[in-house]
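Peer 1: Each chain, letter by letter, is given below.
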Amino acid sequence: MPSVCQEEIIAMRRCRRGSPEAFEVFVNRYMKNAYFIALGLVGNREDAMDLSQEAFIRAYRNIKYLKPDRRFFPWFYQILKNLCISHLRKRRYRQTSSLDGENCPEPSAMTDYFSPEVVAGRNELKDKVWQAIGKLDDKHREVIILRHFQNMSYEQIAEALYCNKGTVTSRLYYARKRLEELLSTGKGGSINDMP
Amino acid sequence: MTCHDYKDLMMGYLDNELSDEQRRQFEEHLAGCSECKDELEEFRKLKAITDEVTLVEPEDRIWQDYWDGIYNRIERSVGWIVFSVAAILLTIYGGFKLIEELIKDETIGMLLKIGLLVLIVGLAILFVSVLRERLYFWQRDRYKNVRR
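So the protein lines, in turn, are chains A and B. Heads up: the first sequence at position 40 corresponds to 40 in the numbering used here, and the numbers run straight through without jumps. So the mapping is simple: the numbering used here equals the position in the second sequence, first residue as 1, plus 195.
Just chain B, with the same shape it has in the complex (with noise of 0.2 Å):
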């Protein structure tokens, strides 16, 4: 076995994941390798600095309402699904209906009928292209299908 083919049990060894047979194996290794003692000695200063970060906790009103948090997403997501389609479905269709209204009214000026029409082809542009950055990302998630 090559010094490479060590890396496994040094980080085992590290981190107290070994078997006793294993740790014998690796500590004979380490008697006659110099350059995988060194290593092991680099990676034992990084572990010691690494644990010492910890991060800072929350304060305990964050965690008093994290569940309360997600129940009332869980109870509302059905409402929001269901308000969302027929806020899209009444918004195209009066969209439809304005746009109609706009081309048939002579009593309105032809500025003002450039106009909003501008504003709607706006809007739909913006939609489309935030639709299109969804799916683009939807097609291309290789983590979509969460494994089970």
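Extracted from the complex, chain A is given alone in its bound form (with noise of 0.2 Å):
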């Protein structure tokens, strides 16, 4: 992640008197990093572009709470973050209202979510792995999308997760023994026998 520069202090002032155009500075810097952090999240490549601009929507109209102390991306990773879970959990709502009893599949396991279609030079592993990245829960799902997927340091998933780098740690710990254990009985042993 970038580090907070002058440009971002002097657009943060600006966006405070009122000029959206001076919030073009964080949409252009952190656009593609919102994309590929809401794709990670709910799976979806037009979900994944509709909430990234929503969260930067929020985030210009919210601009005036962030302290002038504070980086941009950690909050606005939490105005992301909250909006993809919100949807979510409304998507895991409505699914399980129209079966309305019968067994639901998760979200992640119905077809238009985490499908391998984003995966880029796919091969059947590469699949595998995308799609039980979108099994994992939703806090391990983003320590892994934010260490593997945007190279975040732990003390940067730390500042993003507004937790400290034992919990970052922990949390990757538990994440990627539970991906190993969806490998692993996806195909009937262990890590090791994966090429």
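Since the hints were made in silico from the structure, they are not lab data. All values reported here derive from a predicted model rather than from experimental measurement. Among the hints, a few may not be true.
Each computed PhoX-like pair below joins lysine-lysine, with the alpha-carbon atoms no more than 20 Å apart [as the list claims (entries may be wrong)]: (1) A/K139 x B/K242; (2) A/K177 x B/K232; (3) B/K202 x A/K177; (4) A/K126 x B/K240; (5) B/K240 x A/K128; (6) B/K242 x A/K177; (7) B/K242 x A/K128; (8) B/K202 x A/K139.
Chain B stretches covered by chain A per the calculated footprint, using a threshold of three residues with CB under 8 Å from any CB of chain A [stated by the list, open to error]: (9) 238–248; (10) 264–272.
The beta-carbon is built from N, C-alpha and C at its ideal position, and this holds for glycine as well.
Reconstruct the complex from the two isolated chains, following the hints.
Peer 2: Structure below.
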């Protein structure tokens, strides 16, 4: 993640004074991070694009509440994450309501979500890993996405999640354990049997 | 310390996030613990295959239009709010007026009156249902207060 810089500080001041044009600095800098994080959390391209844009709009409307000494991205990440979690909950609720009592699959198991089509340079193993990531709990998927897809350090993840580094390492441990289990179950053996 | 206590250090070791002292401490433990050594090897393999997964980047055109989409939505949002409030108020007013006229008008047949009234009631139920759903999510949304 880029560190806070003078350009962001100036843009933030202008945004607070009601200039939407100044917000372009933040959008250009973080739009790809926002899209890929949302994609990792909700598993659908269209939803990810829409949610990431909505997060920027909400960030602009609330930028007056961001303390001047705080960095933009961790704050923005909270908005994006909350939107994605809220979206997932609505999706689960609608899915449960529509099936009304039948055994309903997790959203990640539904065909439109965590489809391997979004994986670059696809092969069987990459497809499986992506689909297994989709089956993780939200909080475990989140740390995997931030670490592996955003290449964030533990310190940056801790800042974005408003927790300490110990919590990050602990979540990563359990997330990877679970991912390993999911991949091994699908294969019928341990991770070491994989090519 | 038990093997379980080393799990945090194992993650840090795997992701190159340890200080020299922590690294030395973990390597010392690893030298005498085959269980942790095996677990680390499995995690290494998992990390390697997970790192290989990259996601398809949307076309350049999407990124070029990205800011325009946000800017337009910011600009239009105020207009939409005013428009929506006015539309709701006018619809409610119109609905009441229509019901009033229907009841008073003796030239309209009873069946048509009932049909129109049922239509209005149906629309009202749909509106209340959507409103209730929104309220339900809003009240139970633990994340509604974004931490700043």
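Peer 1: Hint by hint, say whether it matches the structure.
Peer 2: Hints, one by one, checked against the model:
| no. | hint | verdict |
| --- | --- | --- |
| 1 | A/K139 x B/K242 | holds (18 Å) |
| 2 | A/K177 x B/K232 | holds (15 Å) |
| 3 | B/K202 x A/K177 | holds (11 Å) |
| 4 | A/K126 x B/K240 | holds (13 Å) |
| 5 | B/K240 x A/K128 | holds (15 Å) |
| 6 | B/K242 x A/K177 | holds (11 Å) |
| 7 | B/K242 x A/K128 | holds (14 Å) |
| 8 | B/K202 x A/K139 | holds (18 Å) |
| 9 | 238–248 | holds (count 9) |
| 10 | 264–272 | holds (count 7) |
In summary, this structure violates none of the numbered hints.
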